[in-house]
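Top line first, the protein sequences correspond to chains L and U. Here the first sequence stands for residues 1 to 422, where the numbers follow our numbering. Here the second sequence stands for residues 423 to 686, where the numbers follow our numbering.
Do not take every clue at face value.
Mimicking DSSO-like on lysine-lysine, the simulated pairs with C-alpha atoms at most 30 Å apart in a straight line are [claimed, not checked]: (1) L:Lys354 <-> U:Lys626; (2) L:Lys298 <-> L:Lys261; (3) U:Lys589 <-> L:Lys79; (4) U:Lys647 <-> L:Lys154; (5) L:Lys204 <-> L:Lys371; (6) L:Lys246 <-> L:Lys234; (7) U:Lys573 <-> U:Lys511; (8) U:Lys582 <-> L:Lys154; (9) U:Lys450 <-> U:Lys511; (10) L:Lys74 <-> L:Lys45; (11) L:Lys22 <-> U:Lys647; (12) L:Lys117 <-> U:Lys589; (13) L:Lys22 <-> U:Lys450; (14) L:Lys330 <-> U:Lys450; (15) L:Lys298 <-> L:Lys246; (16) L:Lys330 <-> L:Lys296; (17) L:Lys190 <-> L:Lys371; (18) L:Lys331 <-> L:Lys268; (19) L:Lys290 <-> L:Lys234; (20) U:Lys589 <-> L:Lys45; (21) L:Lys374 <-> L:Lys246; (22) L:Lys210 <-> L:Lys22; (23) U:Lys647 <-> U:Lys582; (24) U:Lys647 <-> L:Lys79; (25) L:Lys210 <-> L:Lys331; (26) L:Lys331 <-> U:Lys582; (27) U:Lys586 <-> L:Lys154; (28) L:Lys74 <-> U:Lys647; (29) L:Lys71 <-> U:Lys647; (30) U:Lys511 <-> L:Lys154.
These are calculated hints, taken from the structure and not from any lab test.
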Amino acid sequence: MEQRFKSISQKRRFWQFPWGYKESFLISFGILISGFIIEYISDGKGISLPGWPINLIFILFFIVYFVFVYKYVKHPIVKWFSSTQAAISSISVLTFLILLMGFIPQENQNVMPFIRKIGLSHVTGSMPYFLCSFYLLVILGFTIVRRFLPFTIKNFAFFLNHAGLWIVVVAASLGSADLWRLNMQLVENKTNFVAYDTQRNPFKMPFALKLLNFSIEEYPPNIALMDNKSGSLKIKKGDKLIDVIKDTITRIENWEIVIDKYIESAIKDSAGYNTSSHVGAVPAVYLIAKNIQTKKIKDGWVTCGSFLMTPEFLMLNDEYSVAMTIPRPKKFSSEIRVFNSIEDFTDIVIEVNKPVKVCGWNIYQSGYNEKMGKWSNMSIVELVRDPWLPVVYTGIFMMLAGAVYLVWMGRWERQKLMRLKL
Amino acid sequence: MTWLNYPFFVFLTSGLWIAGLLILLFSKTSKFRIVSDILLICGVLSLLYFTVALWINLERPTFRTLAETRLWYAIFISVIGIILFYRWKLIWMLGYCLFMSILFIFINYLNPDTFDKTLMPALQSPWFIPHVIVYIIGYAFLAVSSLIGIKGLYLLSKSKSVEKTIKLADNIVYIGFSFLTFGLLFGALWAKEAWGHYWTWDPKETWSFLTWMVYLLFIHFRISKKKNIRSSLWILAIAFVVLLICWFGINYLPSTQTSVHIYS
Ligand code: HEM
Numbered sequence: 001m002e003q004r005f006k007s008i009s010q011k012r013r014f015w016q017f018p019w020g021y022k023e024s025f026l027i028s029f030g031i032l033i034s035g036f037i038i039e040y041i042s043d044g045k046g047i048s049l050p051g052w053p054i055n056l057i058f059i060l061f062f063i064v065y066f067v068f069v070y071k072y073v074k075h076p077i078v079k080w081f082s083s084t085q086a087a088i089s090s091i092s093v094l095t096f097l098i099l100l101m102g103f104i105p106q107e108n109q110n111v112m113p114f115i116r117k118i119g120l121s122h123v124t125g126s127m128p129y130f131l132c133s134f135y136l137l138v139i140l141g142f143t144i145v146r147r148f149l150p151f152t153i154k155n156f157a158f159f160l161n162h163a164g165l166w167i168v169v170v171a172a173s174l175g176s177a178d179l180w181r182l183n184m185q186l187v188e189n190k191t192n193f194v195a196y197d198t199q200r201n202p203f204k205m206p207f208a209l210k211l212l213n214f215s216i217e218e219y220p221p222n223i224a225l226m227d228n229k230s231g232s233l234k235i236k237k238g239d240k241l242i243d244v245i246k247d248t249i250t251r252i253e254n255w256e257i258v259i260d261k262y263i264e265s266a267i268k269d270s271a272g273y274n275t276s277s278h279v280g281a282v283p284a285v286y287l288i289a290k291n292i293q294t295k296k297i298k299d300g301w302v303t304c305g306s307f308l309m310t311p312e313f314l315m316l317n318d319e320y321s322v323a324m325t326i327p328r329p330k331k332f333s334s335e336i337r338v339f340n341s342i343e344d345f346t347d348i349v350i351e352v353n354k355p356v357k358v359c360g361w362n363i364y365q366s367g368y369n370e371k372m373g374k375w376s377n378m379s380i381v382e383l384v385r386d387p388w389l390p391v392v393y394t395g396i397f398m399m400l401a402g403a404v405y406l407v408w409m410g411r412w413e414r415q416k417l418m419r420l421k422l
Numbered sequence: 423m424t425w426l427n428y429p430f431f432v433f434l435t436s437g438l439w440i441a442g443l444l445i446l447l448f449s450k451t452s453k454f455r456i457v458s459d460i461l462l463i464c465g466v467l468s469l470l471y472f473t474v475a476l477w478i479n480l481e482r483p484t485f486r487t488l489a490e491t492r493l494w495y496a497i498f499i500s501v502i503g504i505i506l507f508y509r510w511k512l513i514w515m516l517g518y519c520l521f522m523s524i525l526f527i528f529i530n531y532l533n534p535d536t537f538d539k540t541l542m543p544a545l546q547s548p549w550f551i552p553h554v555i556v557y558i559i560g561y562a563f564l565a566v567s568s569l570i571g572i573k574g575l576y577l578l579s580k581s582k583s584v585e586k587t588i589k590l591a592d593n594i595v596y597i598g599f600s601f602l603t604f605g606l607l608f609g610a611l612w613a614k615e616a617w618g619h620y621w622t623w624d625p626k627e628t629w630s631f632l633t634w635m636v637y638l639l640f641i642h643f644r645i646s647k648k649k650n651i652r653s654s655l656w657i658l659a660i661a662f663v664v665l666l667i668c669w670f671g672i673n674y675l676p677s678t679q680t681s682v683h684i685y686s
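From just these sequences and the hints, can you work out the full model?
Laid out in C-alpha cells, this is it:
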C-alpha cells in the first residue's frame, strides 16, 4: 500500500526519465514492428550480414562506442540502456518472435504470402529478428560496460555470464558470414580439388583429396514377421526384432523359428546361397519354422535383398511370412589421401562425428551413394572453414564457468530456507 | 569383470543408496550424517569399480554400447545429486537423482547389453551422455521450481507470506537454469564438432531456447527493483508450460516435420 501511495504522489509522466517498463516495452515492440515493416517493403528478402573485415570493424566500433558513451555521455537514456526494464523488454520481444517461429513451420514453401513477406517463414534470416537481437545486444553491451567499469572481483561471475553470451552471439552470427561450407564428391582412386557451395559455385581448394577406400560397417540384420497383404512388418512399438544369431530358437505367434544357417555375405546360385564377397552380396539365413499347433514345418532362405538381388521371404501361411530387415549402417568412413603437393601427402580417415582438420579446413564425412549402400565407391565430404571458432568457443567456456558459479552460489545465501517442505 | 558380475553390483549399489537415503530421512540429529555420506559414496564407488573393471577387461573404453552408456548416466547423475545435496541440502533432489540412477542400472539389469545395436552413427559421440544428463537434471529442477511457484500463488491467494517460498524458487531456478545452459552449450559444442554448425533452429532447439529465455526473464524480473511477486510467480508457471511443450509437446506442433531430436 505504502509503495502504491508513493508512486501516485510522485507520478512520473509518460516518457519522462527515468523510463520504466511502459517505455521499454513500447520501444521493443516498436522495433519489432519496424522490422516487420522493413521486411514487408523489401518483399521478404531477409538480410545478410557482412563478412570479413567489415564484421570485425563493426564489433570493435561497438565496443569502443559502449565504453565511450558510458564514460562521457551523462544522459539518463544511457542509464536506461543498462536497466533491467530495458533488458526484460528486449528479452521479451525476442522470446515473442521466437515463439512465433516455434509455431510456424520454417523454410516451408506453402505458407501464406503475408507470413512470408513479413519474414515469419524465415525468422532467423529476417529483419525483425536481426533488429530485435541487435537491440538486445546493445542493451547487454551497455550493461556489461556499466558493471565492468570499474572492475571488481565481485562482478566476475556477472561478467562471465553476460560477456560470454555477448561474445557467443556476436561472434557466431557475424562470423557466420565468414563460414565456408563446401561439398566435395570423391570417387575411389580419383583425385579431386574442386568443391561446391550450396549454390553449386565451384571453388578450388588449396589441397587435393583422393579417396582410397570407402567402407560401411553394418549392424547385423534382423528378422520379423511380415503381413503378406500389406508387406509391412508386424511389430508393435517396443517389440524387439529378432537378432540373427546362428542356432537361436525364437517363438513368434504360433511358430517356433530356428536359425539354421547364417551367411553374412552370400550370393544365390542354383544350389541356394553360398558365401561370396561379390558386389551386391546379401546376408542370408536359412530358417526352419515349426507350427506349434499343427506341427507343420516350413523352411527356406530369407534375405533382405540388395540393389542386385531380390529379397526372399519364407511364407508361413496365407497371412504371414518371415522377412529380413535391411541392415542399418553402424558407421561409415573414408580413407583419404590429402595432397598439399604431388610429393607431399598424408593419409587420413574420417567418419561421422570424427572430422579431421587439414590446412584450417575441417573435413566431415557427409554422405555416400545410398543406392549402392555397402558397395558405394563414392563418398561425399563436407569441407568447413570457420575462422571465428576460437572466439565463439571462448564465449561458450565463459558461459559454462558462469553457470558453474550460479549452481554453486545460487541467488540467496544457503540457509535453512533450503529445507523444502513441499 | 564381465556383465555376468553385474547383478551383484546392481544390488550392492542400490542397497547402499537406499540405506543412505533412509538414514538421512529418518535420523533426527546430524549424528548419522557421516554414515549416510559414506554409504552414498560407496554406492557410487561400487558402480564406478564395475565400470572401470569392465573397461580394463574389454581393453577398450566403456562408451560404446547403450548399456555402457547407461552405466555412465547412472554414475554421473548420482555424483551430481550428491554434490548438489552436499551444497544445498535438497534431500528430495538427492532422492530424484538416485532414483534415476537406480532406474538406469535396473534397465541394464533387465536387458543386459542387448539394446546396444541401435545407436545411430550421429549419436555415437562423447557429448551424448553429458548433453542428456544435464537436461534431465535441469528439467527436474525447473519442474520443482514451478511447483514452488504454484505453492506461492496458493499462499498469495490466502494472503500468507511468500517471502521464503519465492526465495527458494529463485535458488532452484538458478540451479535449473544453469543446467539448462549447460545443456544448450553442450548441444552447440557437439553439433559444431559433429556437423559443423552450432545451432540449426531445429524445433527442439527452438523450444529449448524458448524455455531458456523464459527462465532468463524470470531471473531478471526478480533482480529488477520494481518487481512484483505475483507476476514473478506467474512467469514461473508460464515457463513450465513452455518447458512441457519442449519436453513432450514438440511432436504435435505444426512446425515439427523433421527433427534430429525425434525418434519414432
Ligand atoms: C547467460 C545469460 C544470462 C545470465 C545467466 C544472466 C544472469 C544474471 C544475473 C545472475 C544477474 C544478477 C547479477 C548480480 O546482481 O550480481 C543479472 C543481472 C542483469 N542482467 Fe543478466 N543474465 C543473462 C543475460 C542477460 C541479457 C541477455 C541481458 C540483457 C539484454 C541481461 C541484462 C542484465 C541486467 C541489466 C542486469 C542488472 C545488472 C545490474 O543491475 O547491475 N542479462 N543477470
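How the hints compare with the structure:
no., hint, result
1, L:Lys354 <-> U:Lys626, "holds (24 Å)"
2, L:Lys298 <-> L:Lys261, "holds (15 Å)"
3, U:Lys589 <-> L:Lys79, "holds (28 Å)"
4, U:Lys647 <-> L:Lys154, "holds (20 Å)"
5, L:Lys204 <-> L:Lys371, "holds (29 Å)"
6, L:Lys246 <-> L:Lys234, "holds (22 Å)"
7, U:Lys573 <-> U:Lys511, "holds (20 Å)"
8, U:Lys582 <-> L:Lys154, "violated (35 Å)"
9, U:Lys450 <-> U:Lys511, "holds (15 Å)"
10, L:Lys74 <-> L:Lys45, "violated (39 Å)"
11, L:Lys22 <-> U:Lys647, "holds (15 Å)"
12, L:Lys117 <-> U:Lys589, "violated (45 Å)"
13, L:Lys22 <-> U:Lys450, "violated (52 Å)"
14, L:Lys330 <-> U:Lys450, "violated (54 Å)"
15, L:Lys298 <-> L:Lys246, "holds (18 Å)"
16, L:Lys330 <-> L:Lys296, "violated (38 Å)"
17, L:Lys190 <-> L:Lys371, "holds (20 Å)"
18, L:Lys331 <-> L:Lys268, "holds (27 Å)"
19, L:Lys290 <-> L:Lys234, "holds (19 Å)"
20, U:Lys589 <-> L:Lys45, "violated (47 Å)"
21, L:Lys374 <-> L:Lys246, "holds (23 Å)"
22, L:Lys210 <-> L:Lys22, "violated (63 Å)"
23, U:Lys647 <-> U:Lys582, "holds (22 Å)"
24, U:Lys647 <-> L:Lys79, "holds (14 Å)"
25, L:Lys210 <-> L:Lys331, "holds (20 Å)"
26, L:Lys331 <-> U:Lys582, "violated (60 Å)"
27, U:Lys586 <-> L:Lys154, "holds (25 Å)"
28, L:Lys74 <-> U:Lys647, "holds (22 Å)"
29, L:Lys71 <-> U:Lys647, "holds (24 Å)"
30, U:Lys511 <-> L:Lys154, "holds (25 Å)"
Of the numbered hints given earlier, the model fails hints 8, 10, 12, 13, 14, 16, 20, 22, 26; all others are met.
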